[in-house]
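Enquirer: For reference, the chains in residue letters:
Number of protein chains: 2
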Amino acid sequence: MKTLETVYTPRLLPLYDLTGTCVVVIDILRATSSMCVAFDTGIERILPVSTPEECALFKDFDFLTAAERNAEKLRGYDLGNSPFEFQNPLLKGRKLAFTTTNGTKAIKQARQQGAAEIVIGSFLNITALQQHLQNQNRPVVLLCAGWKDKYNLEDTLFAGALAYRLLEAFSTTDDATLAAIDLYMQHSNDLEGLVRKSSHAQRFKLLHRGTDDVHFCLQQDYTALVPKLEGEYLVAQRTQGEGGRAGSL
Amino acid sequence: MKTLETVYTPRLLPLYDLTGTCVVVIDILRATSSMCVAFDTGIERILPVSTPEECALFKDFDFLTAAERNAEKLRGYDLGNSPFEFQNPLLKGRKLAFTTTNGTKAIKQARQQGAAEIVIGSFLNITALQQHLQNQNRPVVLLCAGWKDKYNLEDTLFAGALAYRLLEAFSTTDDATLAAIDLYMQHSNDLEGLVRKSSHAQRFKLLHRGTDDVHFCLQQDYTALVPKLEGEYLVAQRTQGEGGRAGSL
Numbered sequence: 001m002k003t004l005e006t007v008y009t010p011r012l013l014p015l016y017d018l019t020g021t022c023v024v025v026i027d028i029l030r031a032t033s034s035m036c037v038a039f040d041t042g043i044e045r046i047l048p049v050s051t052p053e054e055c056a057l058f059k060d061f062d063f064l065t066a067a068e069r070n071a072e073k074l075r076g077y078d079l080g081n082s083p084f085e086f087q088n089p090l091l092k093g094r095k096l097a098f099t100t101t102n103g104t105k106a107i108k109q110a111r112q113q114g115a116a117e118i119v120i121g122s123f124l125n126i127t128a129l130q131q132h133l134q135n136q137n138r139p140v141v142l143l144c145a146g147w148k149d150k151y152n153l154e155d156t157l158f159a160g161a162l163a164y165r166l167l168e169a170f171s172t173t174d175d176a177t178l179a180a181i182d183l184y185m186q187h188s189n190d191l192e193g194l195v196r197k198s199s200h201a202q203r204f205k206l207l208h209r210g211t212d213d214v215h216f217c218l219q220q221d222y223t224a225l226v227p228k229l230e231g232e233y234l235v236a237q238r239t240q241g242e243g244g245r246a247g248s249l
Numbered sequence: 001m002k003t004l005e006t007v008y009t010p011r012l013l014p015l016y017d018l019t020g021t022c023v024v025v026i027d028i029l030r031a032t033s034s035m036c037v038a039f040d041t042g043i044e045r046i047l048p049v050s051t052p053e054e055c056a057l058f059k060d061f062d063f064l065t066a067a068e069r070n071a072e073k074l075r076g077y078d079l080g081n082s083p084f085e086f087q088n089p090l091l092k093g094r095k096l097a098f099t100t101t102n103g104t105k106a107i108k109q110a111r112q113q114g115a116a117e118i119v120i121g122s123f124l125n126i127t128a129l130q131q132h133l134q135n136q137n138r139p140v141v142l143l144c145a146g147w148k149d150k151y152n153l154e155d156t157l158f159a160g161a162l163a164y165r166l167l168e169a170f171s172t173t174d175d176a177t178l179a180a181i182d183l184y185m186q187h188s189n190d191l192e193g194l195v196r197k198s199s200h201a202q203r204f205k206l207l208h209r210g211t212d213d214v215h216f217c218l219q220q221d222y223t224a225l226v227p228k229l230e231g232e233y234l235v236a237q238r239t240q241g242e243g244g245r246a247g248s249l
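Chains A and B supply the protein sequences, listed in that same order.
Count the first sequence with our numbering and you get residues 1 to 249, in order.
Count the second sequence with our numbering and you get residues 1 to 249, in order.
A few of these clues could be false.
Since the list gives no way to pick out one identical chain from another, each pair is judged satisfied if it fits inside one copy or across any two copies.
[Said to hold, decoys possible] Here are the simulated lysine-lysine pairs, BS3-like style, with alpha carbons at most 30 Å apart:
| hint | residue 1 | residue 2 |
| --- | --- | --- |
| 1 | 59 | 197 |
| 2 | 197 | 95 |
| 3 | 150 | 197 |
| 4 | 197 | 2 |
| 5 | 2 | 205 |
| 6 | 108 | 150 |
| 7 | 59 | 2 |
Just so you know, these hints were derived from the structure itself, not from any lab.
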């Protein structure tokens with residue numbers, strides 16, 4: 001049986017051997033949620049980059065740029081990190097260079113540690129992702145991006161929701177996965193209530209009074225696409241399943 | 001209001017500034033449980049040491065020695081890491097050099113990072129510890145020893161139990177503490193059921209069929225002593241409270 005493990009922050013990732021694994025990168029508030037929206041809107045590819053400076057360079061090569069640090073959009077870039085921005089039809093067919101506080105760093109670290117496959121997870125594509133993971137044959141590692149290498153509630157909650165769906169197809173014996181499933185089970189009737197208690201949601205409340213990114217990012221199956229790293233780029237991949245809105249893409 | 005934070009593994013400790021903090025080191029299965037038992041039995045002081053080789057040196061200086069790696073007692077030392085071994089009356093008035101896979105390492109790391117006070121926590125001294133933390137004025141960091149730097153259930157469960165008792169006296173806003181409290185609340189009626197599912201309890205089941213360390217280590221208030229690091233040594237400190245067995249020490 002394939003194994004499933006959960007890593008609560010990228011700081012713990014060096015403790016895991018990623019050889020031959022499929023790593024799911026999770027940054028619910030908001031990088032991986034926004035990536036799912038961007039592909040659903042029709043963006044062609046996303047280049048995760050480490051620094052805002054590096055991100056800015058790609059303006060010269062006909063990329064859109066998106067940059068966020070400490071939950072705020074940086075000045076001088078086309079986009080920040082709110083999923084609503086990535087619904088803009090102008091994204092269709094474009095390339096995007098994207099840098100965020102936690103999410104893009106987690107993708108790069110999984111890559112450096114030699115993961116065989118890296119895919120992007122969020123509530124917005126949970127059913128499509130579940131189907132993809134069930135249909136492939138690698139051990140799976142759920143990598144929570146966390147907040148500046150610390151544990152966070154919303155990424156763990158998603159890891160638990162996904163792990164719960166994968167229980168029959170995977171062997172899950174690590175304590176981190178068990179605790180994530182417990183957290184999800186305890187709060188499955190009110191995910192939003194828990195996430196609103198989280199430190200990151202509190203951070204948002206102060207910064208973004210107008211929009212409701214938290215509510216948006218907890219919607220299930222907004223899209224049937226599973227973003228996947230190919231070379232340096234994330235591209236969209238449609239699974240064989242039923243997930244996602246009718247007519248998306 | 002004093003703050004309370006929880007760190008799930010020593011690998012995450014460098015993310016925290018320990019200046020002026022009181023750090024509670026937690027290694028339920030079994031180092032910090034065994035330390036509480038040893039002091040209750042009447043040991044004079046415990047020297048946490050990093051390696052078995054270093055531990056063995058102290059035989060020449062009239063120390064008892066205890067050494068465990070990977071949940072097994074090492075050959076050639078007086079004791080391993082089972083709390084039952086530390087009930088032996090021969091420990092009374094003696095000094096002990098002690099090395100374990102996770103617990104002694106966590107103590108040393110908290111010290112290196114400059115914690116102002118380091119105390120030892122387990123279910124066996126939870127009420128005395130609670131009183132000590134309420135009566136002192138430093139911010140508190142709960143440091144789970146984990147398993148080889150990975151997250152574990154039993155240490156998190158204890159962190160949650162202790163944090164729950166401290167809610168009124170401390171401000172607790174970090175996600176790791178919130179999730180630990182949730183885990184404890186969900187399982188407060190059957191702590192043993194959860195811990196028996198943990199990967200470390202499974203490890204034990206294979207190694208130690210005769211004894212029941214898991215059950216023993218989940219007892220509350222076996223002692224009213226709070227072991228505390230003074231210089232290089234752990235020594236016992238009795239709090240002003242009601243916790244612990246009548247007649248201990």
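Enquirer: Now, for every hint given, state plainly whether the structure supports it.
Expert: Now for the hints, and whether the structure bears them out:
1. Taking the shortest Cα distances, residue 59 and residue 197 never come within 30 Å of each other, neither inside one copy (38 Å) nor across copies (52 Å).
2. Taking CA atoms no more than 30 Å apart as the test, residue 197 paired with residue 95 passes in neither setting, with 35 Å inside one copy and 47 Å between copies.
3. In this homomeric assembly, residue 150 and residue 197 come within 30 Å of each other (Cα to Cα) both inside a single copy, at 16 Å, and across copies, at 25 Å.
4. Within a single copy, residue 197 and residue 2 get their C-alpha atoms only as close as 34 Å, which misses the 30 Å cut-off; across copies the closest is 19 Å, which meets it.
5. Taking CA atoms no more than 30 Å apart as the test, residue 2 paired with residue 205 passes between copies only; the shortest distance there is 24 Å, against 40 Å inside one copy.
6. For the homomeric pair residue 108 and residue 150, the shortest alpha-carbon distances inside one copy (17 Å) and between copies (21 Å) are both at most 30 Å.
7. With identical chains, the CA atoms of residue 59 and residue 2 are never at most 30 Å apart, being 42 Å at best within one copy and 47 Å at best between copies.
The structure shown violates the earlier hints numbered 1, 2 and 7.
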